[in-house]
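Colleague: Can you build the whole structure from these sequences, using the hints too?
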Amino acid sequence: MNMMNLNVNMDTVINKLRNTVTTVTSTVSQLSVVLPGNPVTREYEVTQHIASGGPGLLWKIYAGYKKSTKQEAAIFVFEKKQLDKWSRKDRDNMVDILKKGVNQLTRLKHPRVLTVQHPLEESRDSLAFATEPVFASLSNVLGEYTNMPDDVGDGSIRKYKLQEIEIKYGLLQICEGITFLNNDAKILHGNLCPESVIITKQNSWKICGLEFCITAVVSGAEITWPSKSYDNDAHPLTQPCLDYLAPEITTSMSCSPASDMFSIGMLTYTSFNSGKPMFANRGDWNRHRQNIIVYNQLPDSKLTEIPPELKIFVRRLLNFNSVERPDSHEFAKLEYFHDEGVNTLRYLDSLFQWDNLQKSKFYKGLSEILPGLPQRVRLLRVIPCLSQEFVNPSMVPFVLPNVLKIAEWSTNEEFVDHVLPYLRDVMKLREPVQVLFIFMKYMEVLLQKTPPDITKSDVLPLLYGSLESDSPQVQELCLSIIPSFAGLIDYPAMKNSLLPRIKKLVISTPSLSVRVNCLVCLGKILDHLDKWMVIDYILPFLTEIPSRDPAVIMGIIGIYRLAVNHRKLGVTKEIIATRILPFIFPLSIENGLTTQQFSTIMNFIYDMIKTVETEHKSKLEELGAIAKEREQMKAEMSSHPVFNNNVANSSNDIFNDFSMASPAFNSTGDTGSSPKKASMTQSTTMPLIPSSNTNSSSSSMNTHTMNTDRRSSSGMQPARNTTNSRNDLMSSLLSSNLSQMGGAPSTPTQPAMMMPFSASMPMGLSGANRANGSVPVMNRSPTIGLTGMTPSSGTSQQQPMQNMSFPQQTRHATPSTFPTIPGGNSSFGVMQPTSSSLNPVKPNVKSLSKRDIDDLLS
Numbered sequence: 001m002n003m004m005n006l007n008v009n010m011d012t013v014i015n016k017l018r019n020t021v022t023t024v025t026s027t028v029s030q031l032s033v034v035l036p037g038n039p040v041t042r043e044y045e046v047t048q049h050i051a052s053g054g055p056g057l058l059w060k061i062y063a064g065y066k067k068s069t070k071q072e073a074a075i076f077v078f079e080k081k082q083l084d085k086w087s088r089k090d091r092d093n094m095v096d097i098l099k100k101g102v103n104q105l106t107r108l109k110h111p112r113v114l115t116v117q118h119p120l121e122e123s124r125d126s127l128a129f130a131t132e133p134v135f136a137s138l139s140n141v142l143g144e145y146t147n148m149p150d151d152v153g154d155g156s157i158r159k160y161k162l163q164e165i166e167i168k169y170g171l172l173q174i175c176e177g178i179t180f181l182n183n184d185a186k187i188l189h190g191n192l193c194p195e196s197v198i199i200t201k202q203n204s205w206k207i208c209g210l211e212f213c214i215t216a217v218v219s220g221a222e223i224t225w226p227s228k229s230y231d232n233d234a235h236p237l238t239q240p241c242l243d244y245l246a247p248e249i250t251t252s253m254s255c256s257p258a259s260d261m262f263s264i265g266m267l268t269y270t271s272f273n274s275g276k277p278m279f280a281n282r283g284d285w286n287r288h289r290q291n292i293i294v295y296n297q298l299p300d301s302k303l304t305e306i307p308p309e310l311k312i313f314v315r316r317l318l319n320f321n322s323v324e325r326p327d328s329h330e331f332a333k334l335e336y337f338h339d340e341g342v343n344t345l346r347y348l349d350s351l352f353q354w355d356n357l358q359k360s361k362f363y364k365g366l367s368e369i370l371p372g373l374p375q376r377v378r379l380l381r382v383i384p385c386l387s388q389e390f391v392n393p394s395m396v397p398f399v400l401p402n403v404l405k406i407a408e409w410s411t412n413e414e415f416v417d418h419v420l421p422y423l424r425d426v427m428k429l430r431e432p433v434q435v436l437f438i439f440m441k442y443m444e445v446l447l448q449k450t451p452p453d454i455t456k457s458d459v460l461p462l463l464y465g466s467l468e469s470d471s472p473q474v475q476e477l478c479l480s481i482i483p484s485f486a487g488l489i490d491y492p493a494m495k496n497s498l499l500p501r502i503k504k505l506v507i508s509t510p511s512l513s514v515r516v517n518c519l520v521c522l523g524k525i526l527d528h529l530d531k532w533m534v535i536d537y538i539l540p541f542l543t544e545i546p547s548r549d550p551a552v553i554m555g556i557i558g559i560y561r562l563a564v565n566h567r568k569l570g571v572t573k574e575i576i577a578t579r580i581l582p583f584i585f586p587l588s589i590e591n592g593l594t595t596q597q598f599s600t601i602m603n604f605i606y607d608m609i610k611t612v613e614t615e616h617k618s619k620l621e622e623l624g625a626i627a628k629e630r631e632q633m634k635a636e637m638s639s640h641p642v643f644n645n646n647v648a649n650s651s652n653d654i655f656n657d658f659s660m661a662s663p664a665f666n667s668t669g670d671t672g673s674s675p676k677k678a679s680m681t682q683s684t685t686m687p688l689i690p691s692s693n694t695n696s697s698s699s700s701m702n703t704h705t706m707n708t709d710r711r712s713s714s715g716m717q718p719a720r721n722t723t724n725s726r727n728d729l730m731s732s733l734l735s736s737n738l739s740q741m742g743g744a745p746s747t748p749t750q751p752a753m754m755m756p757f758s759a760s761m762p763m764g765l766s767g768a769n770r771a772n773g774s775v776p777v778m779n780r781s782p783t784i785g786l787t788g789m790t791p792s793s794g795t796s797q798q799q800p801m802q803n804m805s806f807p808q809q810t811r812h813a814t815p816s817t818f819p820t821i822p823g824g825n826s827s828f829g830v831m832q833p834t835s836s837s838l839n840p841v842k843p844n845v846k847s848l849s850k851r852d853i854d855d856l857l858s
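Residue numbers (UniProt numbering): 1 to 858.
If you are wondering where the hints come from, they were derived from the structure by calculation, not from laboratory data.
Fair warning: there could be bad hints in the mix.
[Unchecked claim] The calculated label-pair distances, taken between Cβ atoms and stated as ranges, are:
1) N103 x E330: 30 to 36 angstroms
2) E330 x Q358: 26 to 32 angstroms
3) H110 x S367: 29 to 35 angstroms
4) D549 x G624: 44 to 50 angstroms
Given the structure is predicted, the values throughout are model-derived calculations rather than measurements.
Every residue gets a Cβ at the ideal spot worked out from N, C-alpha and C, and that includes glycine.
Modeller: Right under this line is the structure:
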């Protein structure tokens, strides 16, 4: 079994290793395939294939970065193997066309033209160049995924849906770029279509794909645009796209800036029509010739997807006659392109031309416009423009609120990808002080959306810096907003960083307002603290606050009240009695308190005293009830027969230790002679063995009384013959009576265990008792004391002591009275039990007769 488990584990490890090697190998293979031997690889690192563009989407677009600066970039790669199935002529022609387009693009510098960061590099297998970061081509966004990886085509780009404001501003940007090309660069684009429009990572539409551009011929004041006829025999990708080509180029072989305006009109139609051109010619020249006739009288049914306010203008742009088409300036002035959202985006693009006063006015009004913009526009277009102002500290207070407002509308992923990278540098700013104010207002948003590691490294230090600021206003603002996000701060940060700073501030600040706000803040965050943090940290440092201002006192009282009444915290009566009340009582007699404040404090004190009284009284009652139950259980156990036997044995052991017990003593106080119940009318007497304690050599003899067994109204109570002591009692009783009846010697048989007389006891007493055949009975009391013995001519009688009876061994004397001791030296006469009001002397009882003994034996 162990070998099987080992084999399974080894297979798992090998599979993981194989998968890892495969992943690394595929990554290396991808990078090697992208730019095999191309010089661009020396300066740029390729990370991911993201898009495609250019004629027929032949250019693969990769995300990457420059190795030296880590600056983001897009790497365009054309793999020559894509043309392997082409004729050599078309293949060479296509490569030349692509080179021309990149070289022309590299020379142009304009915000609406794609910026080339690294010029074209050619290797045996590829062409490559690098540009600013790119999201995708417009063709990809509209649903064309040629030369794109499957995972990207099925992912973010497939979900990308153009918003109307994006189309508006995108077309306006393309129009501005065409204006630059036609008027300033004296170039006709010649192939303006979705494949030649690139959308950057900042959501800007930029012109690319100048493979079929036409340069103007300037002769004095006259400008001419040479044209080239469409070659039907050439490969379609070596010709401009017929779907967007102006009719005059194919019909009259003439061109002008109006030809590019026709392409803008068709691009507008395609953008609003979900990427579908008006006519899909698919590179067929003849089909194109048939479709362009419709442009003379374009039906309204072809323009149903165009916004109503734009239909007339689009119809003019698609006019068959180039002279009737509007120019780029008229297009840019169209009312449709000048709504509030588009104007805002235009202002953002031109901010670098404004002074700080103009910028500040714009940023103040931007907060009212942002809600009307799509979130993607806010993230990709607005945030990058605003972040450019972060290098100017004086403008940060105007820009930062808008950035944080966008962050509030963002998902956590959007915040991390598009907002947080710009904010991390700003979080380190401490001047101007308004920056801290703004961050404090949005601290809850930052804590909710920022990853834990960045929260610890960047966000919380911002909070701590505000508490340590020299500005009381910043400190008060920070304290006022901490409770709103206290639940988002983890336990270690709360315990080790935030609370120590609040403690330091409340103790050391000279500002009364700040101190009071510290106490208010602590009171509000008690819900987010555990019991031990409050008891061991918060409550102790309240006693260290040096101020006794009424506002501070009431703040302290408020915290104590919350802690005492809070269910979760559960401040105990011990803490109330030993720590809270001793501290609050002196506060109640401060002279600065108002009557209402004093009453509030005293009521709180009364409440706490009542709490202590109630809880402790309840506890004492519970303890008393437990003790009572314990006593009842003990009493019940003592009444149990088995338990009684155990107690009896223990009692006998105790009396044996005092040398006063005898095997004849019954632990239950009952005497018995057999297992059967015997009716006895007389009680037997037991010899009393006096014992005296000699305190000195001249101490006198204590007198003892004679005790007899109590008479039962129903006779002698039966006893259980369960121990040897009962047998000893029986034999002793019988021997005593038989000796008296049969003329036995006068000296009685001594018990097995009998205490010897004290040295101070007169020996004549013992001799007299022997002469009469009787011995005084020893009466045992709970205190092991002996009553005095007085001379008397009466009979022997037992006197109970302290209303308690103990088992006793009895011996019968032949006469019923004790004789007087001869010699006269003793102070004892005839011995009689003492009498009292509590224990009157009972009449003498006779010894057992032979008949009684026979009954007992039977």
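Colleague: All hints, please: hold or fail.
Modeller: Going through the hints against the structure:
For the hinted restraint 30 to 36 angstroms between N103 and E330, the CB-CB distance of approximately 32 angstroms keeps it satisfied. Taking 26 to 32 angstroms as the suggested C-beta distance range, the pair E330 and Q358 conforms, at roughly 28 angstroms. The hinted window of 29 to 35 angstroms between H110 and S367 holds, with their beta carbons roughly 31 angstroms apart. Distance hint check for D549 and G624: the Cβ-Cβ separation is about 47 angstroms, which falls inside the suggested range of 44 to 50 angstroms.
Of the hints listed earlier, there is not a single one the structure fails to meet.
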